[in-house]
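Residue numbers (this note's numbering), protein chains in the order written: chain A, 75 to 592; chain B, 99 to 238.
Keep in mind that the hints were calculated from the coordinates and are not lab data.
This one's a predicted model, so the numbers in the text were calculated from it and none came from an experiment.
Wrong hints could be hidden among the right ones.
Unchecked claim - Here are the computed lysine-lysine pairs in the DSSO-like style, where the Cα-Cα straight-line distance is at most 30 Å: (1) A:Lys365 x A:Lys354; (2) A:Lys127 x A:Lys217; (3) A:Lys394 x A:Lys239; (4) A:Lys127 x A:Lys349; (5) A:Lys286 x A:Lys354; (6) B:Lys235 x B:Lys166; (7) A:Lys205 x B:Lys224; (8) A:Lys340 x A:Lys365; (9) A:Lys281 x A:Lys349; (10) A:Lys217 x B:Lys174; (11) B:Lys166 x A:Lys205; (12) A:Lys235 x A:Lys431; (13) A:Lys349 x A:Lys286; (14) A:Lys217 x B:Lys224; (15) A:Lys281 x B:Lys166; (16) A:Lys375 x A:Lys162; (17) A:Lys217 x B:Lys215; (18) A:Lys205 x B:Lys181; (19) B:Lys174 x A:Lys205; (20) A:Lys431 x A:Lys409; (21) B:Lys181 x B:Lys224; (22) B:Lys228 x A:Lys205; (23) A:Lys354 x A:Lys329; (24) B:Lys215 x A:Lys242; (25) A:Lys375 x A:Lys394; (26) A:Lys144 x B:Lys166; (27) A:Lys409 x A:Lys455; (28) B:Lys166 x A:Lys162; (29) B:Lys235 x B:Lys224; (30) A:Lys239 x B:Lys215.
What the hints assert, rightly or not - Pair ranges (Cβ atoms, derived): (31) A:Glu453 x B:Lys235: 52 to 58 Å; (32) A:Lys340 x B:Gly222: 49 to 55 Å; (33) A:Ile484 x B:Gly163: 27 to 33 Å.
Claimed, not checked - Quick look at which bits of chain B chain A covers, simulated, 3 or more residues with Cβ under 8 Å: (34) 174-187; (35) 198-204.
Here a beta-carbon is modelled for each residue, glycine too, at the ideal position from N, C-alpha and C.
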Amino acid sequence: VREAVVSTQSTGFRVQAPPEETSQKKDDHSYTFDLAVVGGGSGGLACAKEAAKLGAKVCVFDFVHPSPYKTTWGLGGTCLNVGCIPKKLMHTASIYGELMEDAASFGWDDAAKNDHSWSSMVGSVQGHIKKQNWSLRIDLQEKDVTYYNEYAAFVDSHTLKGVNKRGKEREVTANKIVLAMGGRPNYPDIPGASEYAITSDDIFSLKYNPGKTLCVGASYISLECAGFLHGLGIDTTVMVRSILLRGFDEDCAQKIGEYMEAIGVKFLRPATPTKIECVKEAADGNPPELKVTFLQDGVEKSETYNTVLFAIGRTPLTSKVNPDSIGLKYESNGKVPVNEAEQTNVENVYALGDIIKAPELTPLAIQSGRLLARRLFGESKLLTDYQNVPTTVFTPIEYGCCGLSEEAAIAKYGAENIEVYHTKHTPTEQVVREPSERDGFNYAKMVCVKSENEKVVGLHYLGPHAGEVIGGFALGLTMGATKSDFDRLVGIHPTSSEVFTTLKITKSSGESIEDEDC
Amino acid sequence: FQTFQHYFKRINLSMLRSIVRPLIRAVTPSRSVGSVTTLTSEEEFDEAFHGTTPTLVDFYADWCGPCKQLSPILRKVVEAHAKEVNMLLVNVDEFGDLAHEFDVMSIPCVKLVKEGKVVGGFVGNKPEEKLVEFLDKELE
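Bound-form chain B, shown alone (with noise of 0.2 Å):
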């Protein structure tokens, strides 16, 4: 009773976490966190358009102060999201080419794509809330 009385003493809540937390993530199937990246060749581009997980397009630029505020909230959205969606972010003074294609007439300007098709998107900067309403709605 003594030894386990002075072990019993030294386990404190953090030796719980760290002996619980994995055992939970072990029986919790992973749920799969979407990819932000920045893109840097137009084949990546191809390869996101086309593909069957659905990929946020953010167009931005750096002198766009409205891109540098939605840019990073977009990001937490994404990666909290519990549908897998990519995000993706374009430069448009790199892509030009690629902002006119898709008819990107201002910034920042969002446009959810997925298997060839553009199936939604949004122009300016939105708060938080209208954003994940936003992602709700489109990843239904």
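Same shape as in the complex, but just chain A (with noise of 0.2 Å):
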């Protein structure tokens, strides 16, 4: 706990200590830190507050520059800030909206859909937020970790300079290093889009309603922020280059696509945006009327919109630590090759997050730099465990997943070794509803290893709470549990996840799934 501030001078209050003249250093060299994190998201301040509790002397370089929107914000990363939460929050926000209007049919005669206020959501989620960004801070003080809000980058392989918001430089020494600054999304190189498009930056802190949106991209960041949208109301298409959902299972991508269309999500594809115009500026808390042009089958056509939305991909910040100047091995897309204990080529430099080659994941990165900071600083030696992470996207159906798909599985243990075991299934808590264009897509996937005793390598879920779901199943996957040990299992009822209990219809026996009366 740092002494309170009491200045006599005369020229300024501020009499920071630096980090020089206190504490004690953990191992023998002669640099300032033992460990410098650069970039306090999930990874980072994970890798931070373990090395620091384990006795480290550690600092964290944490800068966001502001987006071509001009949007900013705290301590925290991507997942609190412009990821994971708000984008939770806004989709739980379109959920209620739905659950308002099957809540006639359990006898709330007066639930009756009103108009929803994209400003008071805004607030709320930004409150929390806000409230996190300061909890961080206070957090790293707490556990002695230096907070520097400054810009890093390398001027050897063991100095790092920052750079703050008034330009003010600062260059710092340190054992160890770890990258975990994460990514940003990507422009496409198209007359207008940075001048008047958005990204997952920009939406969640959106001053005003978004208004007729168009989403550009097939990612689970696009089909997400369009499932929410037109949850709450606003008028919502994704444009599409291709397949949506790359990398992910194709059954459940296609079938995530279908519910969208199905509740009215507007879908142009194979189509891509060639310019973006402005034919009226935004003003007085409305949105600006803007004009894109697109090709579709080869045709160029035109559709107004009052916010376009690209979610096209993310790159990693790895060019702007400048890299070369320690001679850092990293690919064109920024990702930077580590081994299984995340060390770069380059001897004392760590990396480890979305700047990886591994799923972008907030607890995987939290794991991987907890971990590794125990294995540089306490006598641990275990590696993080990169396969069978689970996940889960939020789109209106949501999507549930571990392990692999089914048509990784194919392509690893050959089709002829592969079962797939699937059903569709209706939640209790959907029986009552009015039959709507929504029914007809809960949908249940394993697939199995035969030649492992039809060892669970894949499991897929569509429906409602798909991580609350999937979650607990994961632990399933990385014990090797078969289908016989799910079959074992005994489910609880009546819940979704009890689906997986009850598998018996196979995919290459060609029965019908169709949803049976319990």
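The two chains are supplied separately, each in an independent frame; assemble them into the complex guided by the hints.
Take a look at the structure:
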């Protein structure tokens, strides 16, 4: 705990004791810090705090360059500020709308769906985020981690230079350096993109209702944003170049697209935007009018939207950290190759989180950050397991999965060696609601390897509470569960998760999976 | 007499007040009331910190419930206090560095500053009587 600032000097009151003069270093080296972390997001903070807990002298550099739309945010990284957290909150907001519609069938006669207040929702979401920004900062102070709100880059492999928002520079030396800067959204190289369009960096704090929106991209970011915008009553279109959710199970990705179309999200595919022009500027709290020119099936078309959101990919901030000055190896897309211990080709420099080739997920970054700290400053030898990391896509119909997609399993084990069990299902919560276009999409799939006793290598679930359903089952996959292990498990009734304990129809049998009554 | 009676009937209480009050004000020395402002720049803070008039710095945030309760009551106490004291509201989301400088670990956090020194303060919401007590003691 720092002493209270009491200054008798007439020139300024900033009496911050430089870290050189305080606390012991952990290892025998001449650098100021045992560990310097570049990036105060999920991975970076977890690593820094764990290292400090183990007695290391740690500093964290975190700085957000404003987006082209001029959005910026505080400590905590992508997940807290412009990712998982606001996404899940806005997805939840849109689900409330859906539930209010279904409430009438449960006797809530007056449950009319009111108009949604965008600014009210953004206020609540941002209030939570700012509270967390503050807590994280205090947490670092309490754990004796020095925090520099500065953009850091390498001077040499043990020296970082930080620049604050006023351009003031500071050099810091460290024994070990961990890179965890994450990435930022890409803009396409077309006229008007960075001048008029926004990205996920901006949508979660947008000061006005976005109005008629075009989401460009087939990523989960594009579909999740389009999903909640539509759910909040906003006219939403998704523009896609080819397939949806590349890399995910194709079956499930297809069903997500069909569901979104069924509930009224418009799709333009295959199509690519070629130009964005501003027809009318934003004014008085209203969004602008943007004319988007695009190519669809070789034909040039145009349409007017109030908001264009690009979600066409993200690039790690590797190039910004002056990697060439230390000979850091990195790929053209910015990804930094690391060994199983997150070590780069530079001996004392490590990398984790979104900048490495691994699932870009907060819990994975946190796990790898903590284990790395324990290996560097503790006695641990435990490596992070990058296999069987579960995840969930929070589209209007949620998709939870763990392990391999059906295609990946076939590629790895051969089609004859794969058995796929699957079924449709109807959660009990949905049985009384009025029949609608939303029906018939809930689905569960288990991918098994025949030659290994029907070991389960992939689990897929489409339906409500997908994250809650899949999260626990991921343990089964990491422990090598087989189909019969799942069959021997007694499920909880009536829930959605129990569907994985009673799968009997295989894809190979060709039998119908239309829902039976309970 | 009749003219006097005519005008006398028209003299009522509010008329009397509007004559008497300015008279009293003119003969009473004016009590200097402290200003209450929300910080907009670090330079503004420097001025207040080094000034001769004591300033009550109220560190708050929009998402902080107890802050929303404390600030208006603190304002009322400052404005009503016999001794001159200014109040400066500092939003910790906007001025995180400042909050860090002054070791603000939880909010609401109030620091009394004067002539480049922190001379007192407290953390957390307090009832009005305690705020008055605090100011009375510190401004002695």
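Numbers of unmet hints, in rising order: 4, 10, 16, 18, 23, 25, 33 and 34
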